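Peer 1: With the hints as constraints, model all of the structure from the sequences given.
Chains as they are written, first to last, in the working numbering: chain A, 2 to 104; chain B, 3 to 456.
By construction, these hints were calculated from the structure, which means they are not laboratory data.
Since we're looking at a predicted model, the values are computed, not measured.
Quick reminder that beta carbons are idealized off the backbone N, C-alpha and C, glycines included.
Among the clues, some could well be false.
Simulated crosslink set (SDA-like; lysine to any residue; CA at most 25 Å straight-line) [said to hold, decoys possible]:
#: 1; chain 1: A; residue 1: Lys-91; chain 2: B; residue 2: Pro-375
#: 2; chain 1: B; residue 1: Lys-102; chain 2: B; residue 2: Val-453
#: 3; chain 1: A; residue 1: Lys-17; chain 2: B; residue 2: Lys-102
#: 4; chain 1: B; residue 1: Lys-400; chain 2: B; residue 2: Arg-430
To give a feel for the contact side, a few chain B residues facing chain A, derived at Cβ under 10 Å [what the hints assert, rightly or not]:
#: 5; residue: Gly-78
#: 6; residue: Thr-137
#: 7; residue: Phe-261
#: 8; residue: His-273
#: 9; residue: Val-317
#: 10; residue: Glu-361
#: 11; residue: Leu-376
#: 12; residue: Asp-378
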Amino acid sequence: MKKQLVELAHARSGDKGDKADLSLFAPDQETYALLAREVTAERVRAHFAGIMTGEVERFEVPNVLALKFVLHGALNGGASRSLRSDALGKSLSSALLRMEIEV
Amino acid sequence: MKSVRIAGGLGFYGDSWRPIKASIERGNVQYVASDHLAELTLAILQKDRQRDPNLGYTRDLVPMLAELLPIAIPRGVKFVLNAGGLNPMAAREMLLGALKKFGLKLKVGVVLGDSVQERLDELQAAGVSLAHMDTGEDISTVRDRLVFASAYLGARPLVEALDAGADIVLTGRVADAALFLAPMVHELGWRWDEWDKLAQGIVVGHLLECSGQAVGGNFGGDWRSMPDLAHIGYPIAEVWEDGDAVISKAPGTGGRVNFDTLREQLLYEVHDPRHYMTPDVVVDMTTLRMEEFGPDQVRVTGATGRPAPDMLKIVAGYEDGVMGQAMIGYAWPDALAKARAAAQIIQQQMVEIGLKSEETVIEYLGYNSIHGPLADPAHIDDLNEVYLRIAVRCADKKEAAKLGRLFPPLALSGPPFIGGAGGMMEPRGLLGIWLTLAPRALIEEYVRVSVEAT
Chain A
2 MKKQLVELAH ARSGDKGDKA DLSLFAPDQE TYALLAREVT AERVRAHFAG
52 IMTGEVERFE VPNVLALKFV LHGALNGGAS RSLRSDALGK SLSSALLRME
102 IEV
Chain B
3 MKSVRIAGGL GFYGDSWRPI KASIERGNVQ YVASDHLAEL TLAILQKDRQ
53 RDPNLGYTRD LVPMLAELLP IAIPRGVKFV LNAGGLNPMA AREMLLGALK
103 KFGLKLKVGV VLGDSVQERL DELQAAGVSL AHMDTGEDIS TVRDRLVFAS
153 AYLGARPLVE ALDAGADIVL TGRVADAALF LAPMVHELGW RWDEWDKLAQ
203 GIVVGHLLEC SGQAVGGNFG GDWRSMPDLA HIGYPIAEVW EDGDAVISKA
253 PGTGGRVNFD TLREQLLYEV HDPRHYMTPD VVVDMTTLRM EEFGPDQVRV
303 TGATGRPAPD MLKIVAGYED GVMGQAMIGY AWPDALAKAR AAAQIIQQQM
353 VEIGLKSEET VIEYLGYNSI HGPLADPAHI DDLNEVYLRI AVRCADKKEA
403 AKLGRLFPPL ALSGPPFIGG AGGMMEPRGL LGIWLTLAPR ALIEEYVRVS
453 VEAT
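Peer 2: Quick look at the structure:
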């Protein structure tokens, strides 16, 4: 069965240069394990393919039940250079929550 | 065991300082550490300084202190702020003048030496490549367009200023969390090689450096459950000699401090949480624990640190064209179809008038301006309203301004039922950000601290 991440987790995003820095937070240990298994860097890369030019790095932060994703080349060159409305990528967090995974 | 209580100040230039009042009046704090500089801010300050060489600091400094000092001074509260921006000396001049006018007797410390714009040739001669730290690109591609270059300094010079008796410390670019680490080192006597304590200090600083974001602001979880955001309480930290910390906020303020709100801020913009690089220590956040032990009370312990890096990060800005943009709104029925038709008209006309644009972005506000290709197309035929926004990257202001002038005629000669002004927005200079590294010795030899009394 497929579920959207918005039903399972919450997220926040920020910017550093031309990189979007995303965090995904699980409400409990079980969901964290599910996210750690299903929300891979490759899948995140595919999800954001339309807006990023580089690679995705993934980091695990089990002590706060979170995953981190750094998206390279995701901000149209960086906030102060970007033509986009969401120049800072602050809503990429919610865009990540649209992703579907198998539960 | 000795402890120090520090209030989080602003998170960026333009943030509100009103919530700091509650922290001072009811939070029993000894310091306010305030971050006025986002990556972007130096771009704004650089424009100020271009107009007037006596500017370049953030102009919220005096208005903010004018409101806070009357309640801070009787309580002995001190301030550490990076409001100095590109011109900490001028900021101090101006602040001392204002303090004298109000008859206040204070010591203002200034930390100088973060700006390296004048020293780039010297750095390269010393073997520093200045290549972009993410792309490896050579700096020669942007060198003649640079408008500022500053290194992120650590907490040491700020501690020096506090040790010399400064009541207010003004800096340019420093690592944001260093603004908070400095009062901790000064009060608690930490050594510069006590890596785990420094790591705790940096974690605390990082939790406090984005104002409302630690307290339920910009909260990706159950945001509706955050009470009274109009009166959000900025975070307060109490830190003990052994490095343990408690995060809270002033009583009677809005928002919440809990595991959820803090973990969102903990990981915010840190890249790799196991190697959070700062000038004073490399932090591992994966060893720490955060436990709620009361309403709006969270204990933070166990962050670990590794030795400070040999290199300091430099952020430089370079001119990268001018953005022209314009917007126009369309109403139901067929709002999106009309907006698309208008976009087609504008695009054809852009070609015909010879508008030279290196890049063009077309967005439909109300549909896809924020999520772009990930926006859900489910109800696009039925939207109540859609705003077309077009943005272009051009070589100069004159070229960029051509776009806006194409929009007003749409009112009489384009698709029907416009609402929302056929907006001609001011062209805006675009700034690229160049990130690079340099050996800290080459930067720190130029760092100066000076403290002056009114």
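Peer 1: Can you name, in rising order, the numbers of the hints this structure does not satisfy?
Peer 2: Hints 3, 5 are the ones this structure does not satisfy, whereas the remaining hints hold.
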